[in-house]
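Engineer: Quick note on our numbering: the sequence shown kicks off at 1 and runs consecutively.
No wet-lab data here; the hints were simulated from the structure. Some clues are possibly wrong.
[What the hints assert, rightly or not] Below, a list of computed lysine to any residue pairs in the SDA-like style, where the Cα atoms sit at most 20 Å apart:
hint, residue 1, residue 2
1, K68, R259
2, K341, H181
3, K411, N106
4, K411, K280
5, K341, E387
6, K334, K44
7, K81, H60
8, K44, F114
9, K307, K232
10, K411, L109
11, K133, K341
12, K411, S35
13, K336, L103
14, K68, S35
15, K133, G384
16, K389, R335
17, K389, L330
18, K81, N256
19, K133, G385
20, K232, A242
21, K336, K68
22, K336, R130
23, K280, K307
24, K44, K133
25, K341, L377
26, K81, F270
27, K411, V363
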Amino acid sequence: MEAAVNSQGRAGRLAGWAAAYPQVAVFLVALVILSATSADRLLKQSQAPHFVYQADAFLHGQLHLRVKPPNDNDWIYYQGKYYVSFPPVPAVLMTPLVAVFGLGFNDVLFTLPFAAFNIMMMLVLLERLRREKLSSLGLRENLWLTALFGFGTVNYSASILGEVWFTAHVLALSFTFLYIHFAWRARRPLLAGLFLALAFDTRTNLAFTAVFFGLQLIFPRRPGSWLAFSLKEVMVKGLLFALPILLVGGLQMAMNQARFGNPFEYGHSFLGGPAGARIKQHGLFAYHYLWWNLSTMLLGLPKITDKFPFVDYDPNGMSVFLTTPLLLWLLWPKRKPLDYKIFWATALAGLLPCLFYQNSGYVQFGFRFALDVMPYLIMILVTGGLEIKRREEILIALSILINFAGAISFKRSGPV
């Protein structure tokens with residue numbers, strides 16, 4: 001009897017702790033779920049450890065790789081040396097760990113805590129919208145939307161693999177959440193600029209989400225004013241915002257110049273294979289790619305197979321409305337306040353470069369480029385008047401089921 005009472009007491013204390021600190025509870029639960037889904041992938045380095053090899057190069061005082069890459073997937077061979085063309089912030093963060101564990105460092109284990117942090121930050125952001133009276137949703141509804149972001153979007157499959165492309169997405173999201181936090185109402189411009197710089201030096205297209213800070217600064221929402229700002233405030237905050245961006249951007253340009261003789265060349269122009277052929281013919285970004293990317297994002301369908309379960313993901317990509325059906329609600333907002341328009345402007349700015357990019361995200365489950373702006377899309381849903389009732393809960397559950405299937409099958413049943 002006493003043991004049962006003690007057990008109930010412990011359970012009650014845990015429940016009370018989770019209620020008092022829901023963000024921390026979300027982080028821990030998310031970390032457990034992501035780790036369990038990652039399963040055997042936790043035990044070894046991923047098949048695309050580009051950031052590990054770049055970190056090793058940094059530790060040895062050089063920009064080119066110290067050893068030959070383990071495969072030929074998106075490595076750059078230029079003038080007799082191997083390079084990593086992906087922006088280097090994740091490699092910089094890995095450097096102390098690679099110094100300890102060497103070239104065998106497990107990039108999957110590195111990525112998972114950042115992925116859990118992102119899910120926690122989604123809840124933090126949704127609760128902020130509630131406090132600012134931009135949302136009528138309570139904690140329960142916000143937990144539903146947090147689950148949607150974490151496990152009902154392409155975030156799920158992207159978070160559990162490691163690999164250069166997906167680790168970049170995950171870390172860029174971490175920096176994006178912090179950027180949104182500090183850019184809110186343009187209150188912390190220096191930190192906002194720092195985290196935007198880290199975001200775009202992880203995923204380059206996120207440089208265009210500077211639109212968010214700019215609009216926060218110009219439309220400060222002072223009582224009784226729609227458009228009212230101090231020119232001095234704009235100049236001072238704008239300068240503080242720009243300083244870390246110029247510093248990080250300048251360092252990246254110097255790195256590009258040292259490697260490829262061009263401050264604007266990351267190295268992607270020297271890719272081989274089909275991507276290299278496309279780039280040589282049409283360029284890295286071109287109107288030529290727009291329909292390919294746009295049709296994949298909006299209309300891409302799964303593959304039909306002759307084996308159970310008779311359907312499989314298309315590694316070229318699938319519609320965001322197929323992998324996350326609740327996003328259909330983006331088409332029918334109930335209201336359009338100023339913040340709703342700011343979130344849309346930011347999401348479009350961050351996504352637009354990807355639509356002109358030389359591939360649609362292959363290999364992927366869903367349309368992974370949408371992940372870069374998913375926090376803004378969730379905020380659009382909320383500020384657009386989304387309600388979480390039985391129908392929405394069913395759609396969220398369906399989204400989670402779809403993306404759980406994707407997380408389990410991705411790169412197991414299809415191309416690696």
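Engineer: Next, verify each hint and record whether it holds.
Structural biologist: Evaluated hints:
The suggested pairing of K68 with R259 holds, with an alpha-carbon distance near 17 Å, which does not exceed 20 Å. Restraint check: the Cα-Cα separation between K341 and H181 comes to about 18 Å, which is no more than 20 Å; the hinted pair holds. A hinted pair counts as satisfied when its Cα atoms are at most 20 Å apart, and K411 with N106 qualifies at roughly 18 Å. This hinted pair does not check out: K411 and K280 have alpha carbons roughly 28 Å apart, beyond 20 Å.
At most 20 Å may separate the alpha-carbon atoms for a hinted pair to count; K341 and E387 meet this at roughly 19 Å. Our distance criterion of 20 Å between C-alpha atoms is broken by K334 and K44, whose separation comes to about 47 Å. Restraint check for K81 and H60: the C-alpha separation of about 15 Å stays at or below 20 Å, so the hint holds. Of the supplied pair hints, the one linking K44 and F114 holds, its CA atoms being roughly 18 Å apart against a limit of 20 Å.
For the hint pairing K307 with K232, the CA-to-CA distance comes to about 66 Å; that exceeds 20 Å, so the pair is violated. At most 20 Å may separate the alpha-carbon atoms for a hinted pair to count; K411 and L109 meet this at roughly 18 Å. Note on K133 and K341: the hinted pairing holds, with a Cα-Cα distance of about 16 Å set against a maximum of 20 Å. Of the supplied pair hints, the one linking K411 and S35 holds, its CA atoms being roughly 17 Å apart against a limit of 20 Å.
With a C-alpha separation of about 50 Å, the suggested pairing of K336 with L103 is violated against the 20 Å cut-off. In summary, the hint linking K68 to S35 is not supported, as the alpha carbons are separated by about 30 Å, beyond the 20 Å threshold. With a C-alpha separation of about 13 Å, the suggested pairing of K133 with G384 holds against the 20 Å cut-off. In summary, the hint linking K389 to R335 is supported, as the alpha carbons are separated by about 18 Å, within the 20 Å threshold.
Taken as a hint, the K389 and L330 pair is honoured in the structure, with Cα atoms around 16 Å apart against an allowance of 20 Å. Using a Cα cut-off of 20 Å, the hinted pair K81 and N256 holds, with the two alpha carbons roughly 14 Å apart. Our distance criterion of 20 Å between C-alpha atoms is met by K133 and G385, whose separation comes to about 12 Å. Pair hint K232 plus A242 holds up; C-alpha atoms about 15 Å apart against a cutoff of 20 Å.
Between K336 and K68, the direct Cα distance comes to roughly 53 Å. Violation of the 20 Å bound is thereby established for this hinted pair. Under the criterion of a C-alpha separation no larger than 20 Å, the hint pairing K336 with R130 is consistent with the structure, at around 16 Å. Proposed proximity of K280 and K307 is contradicted: the alpha carbons are some 39 Å apart, above 20 Å. For the given pair, K44 sits about 46 Å from K133 by alpha-carbon distance, which is inconsistent with the 20 Å threshold.
The straight-line distance between the Cα atoms of K341 and L377 is roughly 11 Å, inside the 20 Å bound, and the hint therefore holds. For the proposed pair K81 and F270, the alpha carbon gap of about 12 Å is at most 20 Å, so the pair holds. At most 20 Å may separate the alpha-carbon atoms for a hinted pair to count; K411 and V363 meet this at roughly 8 Å.
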